[in-house]
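Go ahead and model the full structure; you've got the sequences and the hints to work with.
Residue-level listing of the chains:
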Amino acid sequence: MFELFFVKSYLWPKKKQLSVALIGLLSLFVISTVVWLLLLFLSITEGIEKTWLSKLTSLNAPIRITPTETYYNSYYYQIDSISRASNYSLKTIREKLSAQKTDPYDSSTDEEIPSYWPLKEIDELDPIKKIFSSLHSLSFKFSDLTAEDYEVAGALMRLELIRPHTRNFQSFLSQVSYIATYPSAPSHLEDLIQKPTLRDLKHLIYLSSLYEETNLLERILANVTCASKNAPTIENILTEEISFKTEFDSPPTLSPPWAYFVEKKLQLPENGIILPRQFRDSDVLLGDRGFFSYQATTLLSSQEQRLPVHVVGFYDPGVISIGARFILSDPSLVHTMNVNCQTTAIAPLLTNGIQVWFKDYKKTDRVREILSKEFEKEGISQYFDIVPYYEYEFAKELIGQFQSDRYLFMLVGVLILTVACSNIISLLLLLVNDKKHEIGILLSLGATKKSIAFIFGGIGVTVGFISSLIGVSLAYFTLSHIDLFVNLLSTIEGRDAFNPLFYGDSLPNVMSLKALLFVLVASPLLSFFAGLIPAIKACKLKPSAILRSE
Amino acid sequence: MNKNFVLKAEKITKEFYHPEKIAVLKEISLEIKPNESVAITGVSGSGKSTLLQILATLEESTSGSIYFYGNLIRPSMISEIRNKKFGFVFQSSNLLEEESLLENVLLKAKIARRPTFKGSQAYEEALALINQVGLSHRVKFPVKYLSGGEKQRAAIARAFMNNPDLILADEPTGNLDKYSKEQVETILLTSCQKFNKSLIVVTHDNNFLKLVETKLQLEKGILLPCNSC
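Chains as they are written, first to last, in this note's numbering: chain A, 4 to 553; chain Z, 789 to 1017.
Think of the hints as simulated: they come from the structure by calculation, not from any bench. There may be inaccurate statements among the hints.
As the list claims (entries may be wrong) - Straight line, CA to CA, 20 Å or less: simulated DMTMM-like cross-link-like pairs of lysine to aspartate or glutamate:
(1) A:Lys452 / A:Asp437
(2) A:Lys133 / A:Glu379
(3) A:Lys11 / Z:Asp953
(4) A:Lys17 / Z:Glu815
Stated by the list, open to error - Cβ pair distances, simulated, as ranges:
(5) A:Leu25 / Z:Asn792: 54 to 62 Å
(6) A:Asn436 / Z:Gly962: 20 to 28 Å
(7) Z:Ser935 / A:Ala24: 24 to 32 Å
(8) Z:Ser935 / A:Phe44: 30 to 38 Å
(9) Z:His992 / A:Ala548: 20 to 28 Å
(10) Z:Tyr933 / A:Ala548: 25 to 33 Å
Claimed, not checked - A short list of chain A residues far from chain Z (calculated; beta carbon distances all over 12 Å):
(11) Leu40
(12) Glu52
(13) Lys53
(14) Tyr75
(15) Lys366
(16) Ser454
(17) Leu487
(18) Ile549
Every residue, glycine too, gets a C-beta built ideally from N, C-alpha and C.
Set out below in structure tokens:
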């Protein structure tokens, strides 16, 4: 194709066409810079969004099944309150699941069922057991799918902070918090739980001597490893480089005084709680002790009840709005508070439910769809809502914001890229003017207008494509060395350029495939459109006028 | 329509409107037979180059029709006619200065989408034409290094590429010295005779006029046989 010959020939800078070469280089520079920055920005924002979503779904599960009003008003749920076999108390999902009888009511011993009560559903309907059976069958399709009930309670947490080497030897930290059960099934929390620090270790050692708990010291020593392979002693663990044991294949003989995993299942020492990492900023350390305070109603008044707790770990809650107030705790503690506490600030519908865990949150919609069909088939759909992570009350605004930000960034990206590519118009107009004579020659020798348009359109596309490739390479290089650039920025600014609370400990460094596809298609396409105006101008030239003027 | 004429022009009129209305060509009719050579002469500004450009399809006439072997030339045919049926030689050679002589001669074949690799028919044809105009020793030379006479000879070689039926030359020797002039005129005419091509040439050169069969003069927009030539 002779057109390609001319595309190549016109693109190659020549001494005689210095102005064309300079504008060509400028276009190349501007487009590749825009592509570079755009790709970098979109990749990082997409990475951050993924990290946030991954944290959110690791902590809260990608899907929650929550009982509806219909469930709480149903005979199935209410009947426990008048049944002797159920100790006249309503049951949580966990209790319902382990109950021997679907209907504990015995007309010979229990009081008469009030006339205004809901009617009894068909005998064999046990919604909770049916849910778990549906989830069990679903786990054959999604191998990493697990499900577990959860409970959330509200309480005041009060921690005693003893810091022997500070001015305030003893201080207290109080906060009204949500207390949620941690999953005991294999979950994906291991990425979120932070490892203890040397400061934590020193504090634990100090507490063991303060409270004269030799057992605590033994548990510490049994669960740290010295880099030098020396047997851990108080002296060498404080002076040597050490690592903390947090993952075990079988239950350890002496369990560590911090959160740990046995076959991917999170384990907390007795009365242990895991706090959001923000508490570290308030000087909370591993081992700090305190209590949950809640009001239990008695016949005449309400009494303050206290449940002792101690800090066994910190987790990264991501950026959800209530992240800093969400404490993970042992199910028995949460259940105790929920049973006794009548003044919880949490909506009753949110206190109990089932979390469905799987690693890849992108499968959420598929899992949800299958579950909906299963529930429909089992006749239990009116009792439960299947809530995907993007509809969680505490997260949906943030996720909605992510989505609208993504569209906005994309729009801004297209606009910037359009402006950058329109540089090509000036390049090509100059080139058409410069090559008028040659265009005249080509037309007089029989080249069609289409061929002339192809030559200039082709130059536009080629400039766009080459610039994109340069931009993509630059973005790839930058992303591969992102920490280096972040450190450089931080040094220039004199502080952390990116707050780890929002962006994580390091910025995402994986190139977004969507963004890559976007720039590789949009930039040559926009360049082609930019090339159309000069190409049309070139086609309209009359050979007689050009060649005569020469 | 008579198909015995390579080119037939009927009532060609050309008017310019700026700065004022001028009728440069007034209902000119012309017929060119196969192998015929026709020269058009006239004073400067008489419109002979305009007439040639119109005949060559490089410019549109205000009115009138042009037929190629009896077929009316329509806008959709123009590119193909320029490429395969006509060959042009301009006053200034109009070659691609940065490219070699061979590339310039091959350009018409490339536009015609003919294979032009070494050994191809078009390639051999280009070499033969370069040889015909006596420039075999300059095949790989960038055109910018050729002399004026050599450039015009190169333009003649390019005009004959793709085996056209008609060569149109617009004062091909206008910018040349006496020696080069004679050389170019001889080459142009002998090539036309050798390859059996018709020729329309616009020229002021009396010596050249003498060598051409049909001599016409353009005067006040009307084409007449040239009695004084």
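Hints that the structure is at odds with (numbers, increasing): Hints 3, 4, 8, 16 and 18 are the ones this structure does not satisfy, whereas the remaining hints hold.
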